[in-house]
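Q: Listed below, chain by chain, are the residues.
There are 2 protein chains.
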Amino acid sequence: MKILIKHCNLISVEPDRELYEKDIDILIENDIIKKIDKNINEDADKIIDAINKVVMPGLINTHAHIPMSIFKENLDGYSLQEWLTQKIWPAEEKLTDEDIYKASMMSFREMIRTGTTTIVDMYFMQNNIIKAAEETNVRLELTRTLMDSDGNGDKKLEELENLIKEFQGKEENITINVGAHALYTCSESYLPKTIELAKKYNLNFQIHFCENTQEVEDIKKDYNVKNPAEVLEKYLGSTNSILAHAVKLTDTDIEKMKKLNISISHCPISNLKLGCGIARISKLLDEGINVSLGTDGQGSGSSLDLFEVMKFTALLQKGINENPKLLPAYEIIKMATINGAKAIRKEQKIGSIKEGKKADIIIIDMENPVIMPINDIFSAIVYNVKGTDVDTSIINGKIVMENKKIKV
Amino acid sequence: MKILIKHCNLISVEPDRELYEKDIDILIENDIIKKIDKNINEDADKIIDAINKVVMPGLINTHAHIPMSIFKENLDGYSLQEWLTQKIWPAEEKLTDEDIYKASMMSFREMIRTGTTTIVDMYFMQNNIIKAAEETNVRLELTRTLMDSDGNGDKKLEELENLIKEFQGKEENITINVGAHALYTCSESYLPKTIELAKKYNLNFQIHFCENTQEVEDIKKDYNVKNPAEVLEKYLGSTNSILAHAVKLTDTDIEKMKKLNISISHCPISNLKLGCGIARISKLLDEGINVSLGTDGQGSGSSLDLFEVMKFTALLQKGINENPKLLPAYEIIKMATINGAKAIRKEQKIGSIKEGKKADIIIIDMENPVIMPINDIFSAIVYNVKGTDVDTSIINGKIVMENKKIKV
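Sequence lines, in order, name chains A and Z.
Last residue of the first sequence: number 1722 in this note's numbering, and the count goes up by one each step with no gaps.
Last residue of the second sequence: number 1722 in this note's numbering, and the count goes up by one each step with no gaps.
Just chain A, with the same shape it has in the complex (with noise of 0.2 Å):
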């Protein structure tokens, strides 16, 4: 299957190429982007003209959950506390499996729609999960989120270490990583051991990290430390890992971070609405931090629109900051692209636009008051955008949306 792209205006992200490119072509072979160059004239099974529009990788939301599209917007008026007990942990007891693949074809299908291409997602019932993947084609980082607070740790291992077995090698699209809960649902006894599986099978590991000043005082309790970086330090090595929120970071916390091989899942906007608070994100950039942007679940984060999370990333910084001149639009396009790609350590597959990579692509429609005039086109794309505004979204190759019709 040949698919060659016209006239694009393209932001491939690669930094050995232009910033923004006028007029290209581009010709995908299968699921790999085969040749990108001016006037490509060769034979293709489907021809897409991207004039007036602009072409840039599929995005990377790097924190979700995927099933909970259906805890959409259940939680105003209520605090954390109130609506975890008695909104979802009661209603996530009674979830059927046919509910987590309805729930999570709605995310995926949501997902396309705003332009995502690749989603890390921590949840539970992951089968039902994955069938929704494999339906939707969309490229998954999936686990089975592991926590010993029940009392059933070991059994989740076990059933973790059963799927990484099951799909070594298999899933072109899907890829098993590891996921422990949050050090406040991991005991010191557990959390060596989730940390164990994914070296064992060098996969990536993910955590909920200081989410909130609560969360904060129970580390330092629970694991006797004065910062919670120090439980880091101690334990991951040199996993590749993905610490989601990280609202409430010391400077010491900082400090022992960037020596590790760790990546900050940014999700501003289940931040807020949560009322955790603004992370500290032009400073861990400052640091060298690695920093990718994610949506968190619906229920806290109302959408999987990762140009919303965008557009929140760059204001909240310039504002809490007062600088005006902090994290220009092109910084905040990588951080959703080639930055989401690095946290799960993909980037020589996925995350920009370049010849032997993934064809993960998307194209954008900017006839649209709000987006027009363009002064800037990498503020239109952070500012002006909307996921809903994505025309035509191609995952390995697939065309998985075209004209804003969702075709899978």
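There could be a bad hint or two in this list.
Straight-line alpha carbon distances no greater than 20 Å define the calculated EDC-like cross-link-like pairs of lysine to aspartate or glutamate that follow [as the list claims (entries may be wrong)]: (1) Z:Lys-1416 to A:Glu-1681; (2) Z:Lys-1401 to A:Asp-1690; (3) Z:Lys-1719 to A:Glu-1681; (4) Z:Lys-1639 to A:Glu-1529; (5) Z:Lys-1639 to A:Glu-1396.
Since the hints were derived computationally from the structure, they do not count as laboratory data.
Predicted, not measured: the structure shown is a model, and the values here were computed from it.
Add chain Z to chain A, keeping to what the hints say.
A: Relative to the frame of chain A, chain Z by itself:
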């Protein structure tokens, strides 16, 4: 002309009605909402089927600079001072009548496309803005911006007074008010003249106020006060006033301001983008001050999409106060509708859907994977609906957009 809207899911924002009503019909006769009831059977020139859609009052944007559409996204990488002196002011000096007219047409179309029906403007060369407003049928609260820092204060006053006289009792949709630019561009001898003009014709007064730290310092020095609100206290009297921004207020400022006849126009996106900070909206509301919403000009505010401003308003207050219970979604909807009407003293005419009020109504298409599923309708409006999801817009009884096609 009779328009009948059938099967509305209605958020009327009327205290005498239910917060949310299903399957309601609305009959519009000329410019007036004639009847709101179940199953209205009446001959109409136009029937709109709103089934599965949400019907609510058109949004009211209480702070904008209409012709700044052409400066959209040219701010990235500049400080506020650099942006003004290197980009905006030199460009503004060259603007022709034709530029202002075309830029205003772009803004009015953007505003209609995103569900706003009334807008408060502060700019100059206002005849071109008026021409565009007349052509697009938007409801406009307009001033000729007053300031004397350039030595031409009295000429501007005269120009504005002539405009006021010209429009007295003339236009249905256009109201002239008095706008002074800011305390740092109006001297203490000039400011009282601007307020006197508002008093003389019983007009609303608007001014930028305490947008950033530098401005507060300048006011203290120029007006020899400890708190900027002392200036308002001294000169405003009972004048109905809209203070745009009000980011940097002390408790003393708020204490003084709550005794005045003022509304705050909160412009969170612009305040973040310019590095000004985050206004203490939750505190202002607690103190009983009317807060409405504004976009500011698109140069700093990015767009005229008030749905996005609603989302930022809610999330920022929850986030910075670390309290997810603050600013429930319905309160936010009021800020974008009836509070805006109160700010401009038109709450008897617009801002809610009520028999006898002007027909300023929007219809929102909810069939979209970002919005669905809907667990709470008010949260769906504030957190998941985008301006571009608005399907149909009626201003003063005239359909200005239908099925997302702008008709003016």
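Q: Hints first: check each against the structure and report whether it holds.
A: Hint by hint, here is what the structure shows:
no., hint, in the structure
1, Z:Lys-1416 to A:Glu-1681, "holds (17 Å)"
2, Z:Lys-1401 to A:Asp-1690, "holds (13 Å)"
3, Z:Lys-1719 to A:Glu-1681, "holds (13 Å)"
4, Z:Lys-1639 to A:Glu-1529, "holds (19 Å)"
5, Z:Lys-1639 to A:Glu-1396, "holds (11 Å)"
In this structure, every one of the numbered hints holds.
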